[in-house]
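S.K.: Read off the chains here:
Protein chains: 2
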Amino acid sequence: MNLLTPGPTPLPPSVLKAAAEPILHHRTREFGKLFDQVLEDLKTVYRTKSTVLLMTCSGTGTMESAVVNLLSPGDKTLVHSTGSFGDRFAAIHRAYGLQPDVVAEEWGHAADPEKLRKALRSAKGWKAVYLQHTDTSTGIVNDLQTLARTVREESDALVVVDAVSGLGAEELETDAWKLDVTLSASQKGLMAPPGLGFAAVSERAWKAVETAKLPRFYYDWPRMRKSLQASETPFTPAVSLVAAQAEALRLILQEGLENVWKRTASLAAFTRGEMGRLGLKLFPKDPADILTAACFPEGVDGKALLNALREEDRICIAGGQEKLAGKILRLAHMGFIRKPDVEAGIAALARRLPKVRA
Amino acid sequence: MNLLTPGPTPLPPSVLKAAAEPILHHRTREFGKLFDQVLEDLKTVYRTKSTVLLMTCSGTGTMESAVVNLLSPGDKTLVHSTGSFGDRFAAIHRAYGLQPDVVAEEWGHAADPEKLRKALRSAKGWKAVYLQHTDTSTGIVNDLQTLARTVREESDALVVVDAVSGLGAEELETDAWKLDVTLSASQKGLMAPPGLGFAAVSERAWKAVETAKLPRFYYDWPRMRKSLQASETPFTPAVSLVAAQAEALRLILQEGLENVWKRTASLAAFTRGEMGRLGLKLFPKDPADILTAACFPEGVDGKALLNALREEDRICIAGGQEKLAGKILRLAHMGFIRKPDVEAGIAALARRLPKVRA
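Just so you know, the sequences run in chain order G and R.
Numbering-wise (my numbering), the first sequence opens with residue 14 and increments by one.
Numbering-wise (my numbering), the second sequence opens with residue 14 and increments by one.
It is possible that some hints are incorrect.
Note that the list lumps identical chains together, so a pair holds whenever it fits in one copy or between two copies.
Computed list of lysine-lysine pairs in PhoX-like fashion (alpha-carbon distance at most 25 Å, straight line) [to be verified]: (1) Lys316 - Lys298; (2) Lys89 - Lys226; (3) Lys368 - Lys128; (4) Lys89 - Lys46; (5) Lys46 - Lys352; (6) Lys131 - Lys56; (7) Lys131 - Lys30; (8) Lys340 - Lys226; (9) Lys294 - Lys30.
If you're looking for bench data, these hints aren't it; they were derived computationally from the structure.
As the structure is a prediction and not an experimental result, all values here were calculated from the model.
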């Protein structure tokens, strides 16, 4: 299957091989060395000197951890949402009895810093602002640097960023942009199997953790930080995925992080051009580099087309989520997805497009 | 490394191979088929007709899920603890503001049904009783059948069981023993890499879930149950671990679950005999079949011995936890651990024992 999906993404052979190494015990020096290496390499990819935490969970788990470790009942927060993952941040807040203020952009538009500034000025006292780096549901990338600076200029709120899909593939500077909490996961830009989540946590965020009162156990960050002293996690981690992640990080750093960003950007430009050639309009106004979202023309049954691609051509391109189901396609080109894979996807798409007009 | 540890346990080659298959996308028919098969085979291993849920997390995550999905603030519960994992159940309750009543056995002793009966009679109104199947921290197995019957005879409380280490290796009957929630994880008796957790949830437990008010998002069982209709999980699962688990379950069912139980029991009897031959006293009064815990003789530096075994002989035997550190060893013989592995461990232990008397 040619996976052109925004996570899980296909894996390099050496990463698959690492996942199949005999299992290590998580309380041994051998695992500890591997674990420390992963955290060290993640810091390089995050561009941070902050503590990086590793959890066995999906990206959503890390998002929940960034709610329960930072907040207390009654805390005010702002969620600036650009799609279904921003909405998920708000839903997690509500599950814990918090009522976040939500600034929602029209799907396909990046978060508007001036809208954020206005919100920050109109109401005070937000403990944290929850943002997204890229949003795979709408195919956009946010101008995180400006957004984070706006939060700093107007408030003392912590800047919490969902970088689940973009980290390792698209420009992101945790320290230089002053992001307090930056969340990610193994299965997208980081080229490893799904099952690991990460959080880079600034000293400012650790201060907030000290007073945060929402309940937590599995996701308790202080406990994770304490375990790091012994190169361990509090609970049994997914050790084979840690081994796979170690190899994937090695590949990323061998290529050079900025080279990966450039390669991804160049593949994005190519893909956007090809979509135009096929007569498909880009969906997002502010397209990300990790994936391209494009609208199906009127009269095309998008769901049927993607099904046929998957079942007959064995090419997996994602469709739209929620209100966009059947209306857009989302073709990823991050991580181990290379130009020939994208070309094969676009060729198959071109072949099928005329056939599926209703 | 010869892993004789109570999780993660070593993996059969075909399970390692399955973990290294190209990654599947979790919203495809291909993954759905694999996922359904895993849940079906888990039902066979659980001996249940109830819904089985799969989560990407460690065993502790499943324990937390069995607190947040069943309980509301102010609920009374009973935790019958036989070691550090029972204590963890209580700690999870406390993290969520609940004050469970705890009946704690002396470490090494199984839970006493008469003590449980007395507790159930002395105070009423427990919403759930939290029990353990086997406890790897003390090496015991509980008489779950009698314990669960006692709860039913004396109360309406739900029976919640931590079967993280024993499921698939040591006798357990979810339906016949009327267990309401039975938790497990991939990396012990189930012979897969760590990173997946499971819960078999009875209809009676689902009723309780409807009114449970503790906050939850990632661990929300109703959302997981709803996703099952589409052969999916709510959030990206650890797909490569699901593939590995599918193969491990195939091996267990091919051998026959009761044959696995018998093989494990027979290996346990052998190991207990060998410990006696070495002059090592068994630690538990009620030993489990999945692992053998034995006391180091007076004057032996247990930590140094296990370190030497690990670093020089490349044999990994676990030590004691918390107050038992340095005092006991815990040698597992479940899953893919076979007699020659155990023999090698015991031989190396015998060789080193005289050398490490202080």
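S.K.: Against each hint, give a clear statement of whether it holds in the structure.
M.R.: Against the structure, the hints come out as follows:
1. Lys316 - Lys298: within (23 Å within a copy, 61 Å between copies)
2. Lys89 - Lys226: So lysine 89 and lysine 226 pass the 25 Å test inside a copy (14 Å) and across (22 Å) alike.
3. Lys368 - Lys128: neither (43 Å within a copy, 72 Å between copies)
4. Lys89 - Lys46: Neither way: lysine 89 and lysine 46 sit 40 Å apart in one copy and 43 Å across, limit 25 Å.
5. Lys46 - Lys352: Answer is neither: 35 Å inside a copy and 30 Å across each miss the 25 Å cutoff.
6. Lys131 - Lys56: Neither, since 33 Å and 54 Å both go past 25 Å.
7. Lys131 - Lys30: neither (51 Å within a copy, 55 Å between copies)
8. Lys340 - Lys226: Close neither inside one copy (42 Å) nor across copies (37 Å); limit 25 Å.
9. Lys294 - Lys30: neither (39 Å within a copy, 42 Å between copies)
In this structure, the earlier hints numbered 3, 4, 5, 6, 7, 8, 9 are contradicted, and the remaining ones agree with it.
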